[in-house]
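Chemist: As a plain string of letters, each chain reads:
There are 2 protein chains.
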Amino acid sequence: MSVYVVGHKNPDTDSVTAAIAYAELMKAKGEDFIPVVQGELNPETVVVLERFGVAVPETMTDAAGKKVALVDHSDLAQAPDNLGDGEVVAIVDHHKIGDVTTNNPIFCCVKPVGCTGTVLTQLYNIEGVAIDPKVAGLMLAAILSDTVNFKSPTCTDEDKQAVEELKKIAGVEDTDGLFMDMLKAKSGVEGVPAKDLLNRDYKDFDMNGNKVGCGQLELATLDQVADIREDLLNAMKEQKAAGGHHTILLMLTDVVKEGTDLLVVSDDPALIEKAFGTKLEGDSMWIEGMMSRKKQTIPNLQKAFGC
Amino acid sequence: MSVYVVGHKNPDTDSVTAAIAYAELMKAKGEDFIPVVQGELNPETVVVLERFGVAVPETMTDAAGKKVALVDHSDLAQAPDNLGDGEVVAIVDHHKIGDVTTNNPIFCCVKPVGCTGTVLTQLYNIEGVAIDPKVAGLMLAAILSDTVNFKSPTCTDEDKQAVEELKKIAGVEDTDGLFMDMLKAKSGVEGVPAKDLLNRDYKDFDMNGNKVGCGQLELATLDQVADIREDLLNAMKEQKAAGGHHTILLMLTDVVKEGTDLLVVSDDPALIEKAFGTKLEGDSMWIEGMMSRKKQTIPNLQKAFGC
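If you read the protein sequences in the order shown, they are chains A and Z.
For the first sequence, numbering that gives the first Met the number 0 assigns the number 0 to the initial residue and increments by one for each residue that follows.
For the second sequence, numbering that gives the first Met the number 0 assigns the number 0 to the initial residue and increments by one for each residue that follows.
Isolated chain A, as found in the complex (with noise of 0.2 Å):
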């Protein structure tokens, strides 16, 4: 019987590839893995598997009757429907020890590390199987996407060891160059509506009794946007005007240069100053450093609303 290995629901690149890198250590080992993705694959794995020259794995939602090894995800929600009718063998992930369980011994390895490809190319070594150099830049792509190219705080040690190995493997010499051409696909804008990039992650907020809206566009430079910014201006001034917002904002993250600029539509440009303690250069600001929504927007502008 065979086992589908499986990542997460809305797969990342991680997923995918780690799916794809399981199996094929599996079948190294002589047994019957097969990878799977739970949906439609996003555009920087669309990418990653094109450069490598390898095929999108079959779509596979549902575990009832089925033999599973799950990677990168120990969570149910995250897993695919109908688990308990199925049966978990195996778990490679890198996240918190989420609510799986099982009703016999399996092998389970999770580690504290910035991405799956990390662990898999671990145990690549320790079962001494020899990498594909097609898998190696498989997870060579998710470790970058995973640590942001080293930058995120989760990058461990061990993740740049397993880079060092992985690129030699699969002849990658400029991983930045890699990172850049994923991280150009992950944000692509071209011929998307200016209103359907406003809310390709896009939050309303209640401040004080104001409704703030605030998107964000993670680009792999401004340059992407510079013809449509008056487009993106526009749609904000539309569903401000229609959802009667007191503000609406747009980060446009340079995530290379590592700050945003802000544009902003509000009715009181002057708090928006305030709050980000920068001045206006006609619809927009630069903020050095800015990278998160969550962590440095949101709170800012909701010490200046006096929530």
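Heads up, a few of these hints could be off.
Stated by the list, open to error - Derived lysine-lysine pairs resembling DSSO-like cross-links, with alpha carbons at most 30 Å apart:
{"hint": "1", "chain 1": "A", "residue 1": "Lys8", "chain 2": "A", "residue 2": "Lys294"}
{"hint": "2", "chain 1": "Z", "residue 1": "Lys150", "chain 2": "A", "residue 2": "Lys28"}
{"hint": "3", "chain 1": "A", "residue 1": "Lys183", "chain 2": "A", "residue 2": "Lys194"}
{"hint": "4", "chain 1": "A", "residue 1": "Lys159", "chain 2": "Z", "residue 2": "Lys26"}
{"hint": "5", "chain 1": "A", "residue 1": "Lys66", "chain 2": "Z", "residue 2": "Lys239"}
{"hint": "6", "chain 1": "Z", "residue 1": "Lys150", "chain 2": "Z", "residue 2": "Lys8"}
{"hint": "7", "chain 1": "A", "residue 1": "Lys150", "chain 2": "Z", "residue 2": "Lys28"}
{"hint": "8", "chain 1": "Z", "residue 1": "Lys28", "chain 2": "A", "residue 2": "Lys166"}
{"hint": "9", "chain 1": "A", "residue 1": "Lys8", "chain 2": "Z", "residue 2": "Lys95"}
{"hint": "10", "chain 1": "A", "residue 1": "Lys294", "chain 2": "Z", "residue 2": "Lys66"}
{"hint": "11", "chain 1": "A", "residue 1": "Lys95", "chain 2": "Z", "residue 2": "Lys66"}
{"hint": "12", "chain 1": "Z", "residue 1": "Lys167", "chain 2": "A", "residue 2": "Lys28"}
{"hint": "13", "chain 1": "Z", "residue 1": "Lys28", "chain 2": "A", "residue 2": "Lys95"}
{"hint": "14", "chain 1": "Z", "residue 1": "Lys8", "chain 2": "Z", "residue 2": "Lys194"}
{"hint": "15", "chain 1": "A", "residue 1": "Lys66", "chain 2": "A", "residue 2": "Lys194"}
{"hint": "16", "chain 1": "Z", "residue 1": "Lys150", "chain 2": "A", "residue 2": "Lys66"}
Just so you know, the hints here were simulated from the structure itself, not pulled from any lab data.
Given chain A, work out where chain Z should sit, using these hints.
Modeler: Leaving out everything else, chain Z in the frame of chain A:
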């Protein structure tokens, strides 16, 4: 802040020695790990610690406010009290995946092998840490105990490999002898009242309206109880009279010969003979291959009683 390494409640040899061995591994890596136990040691574990000259770990039953590493279990019910008010920082185990969850990524290594000692031996090798001869002896004893000297269906090739490696480091040539010493300690009957021996591992069952009791003593040799057979039978008769049982059985299981001398006190001895397809000789019958009350004795009785 120290990390307390702890096995399950009612500690057995694997739980105690795994706590010591994992703490030693982490200490070798420069970490402050302290082995603890959740309760009194059983006679087998006492003999093992004495044999290899290792002190009994301190007792710890409450995890509140502490960092803990769990060995030989991943179930809340088997973990120290108030685990939710502490922090689990690592898990090393060989059982089914339990219901312990964490808020952060941790190290978790579970393998479907016969003993936590086997997993730990592999972790020492992966980390490149030399195993102290005393600690090797402890892990060796744990593997022999958990795999019933390789006879348990849970025993794997990895357990056998670990034993081969550990016996050299520990300087133990006669692993059968070590196992027998442990078994004798575990199955010690000297000076114990017959009534207590009958009830050491005893359960009552309802068999189609009839009350049937069954105890089991695992022995290294039947010689251990040769002088107290009459005392045991009398204890069974007393218990039967007091409890209104249809039948009370006591399995004297010879772990080495892999069979059971079944003591029988019953209102219907012929029915018991029928259940096991064997004739009584006096008050007992030898049943070749009978080792498990749950899997062998009780199902045969249920069939005979028409359950």
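Chemist: Identify every previously stated hint that the structure contradicts and give their numbers, smallest first.
Modeler: When the structure is compared with the hints, numbers 5, 15 turn out to be violated.
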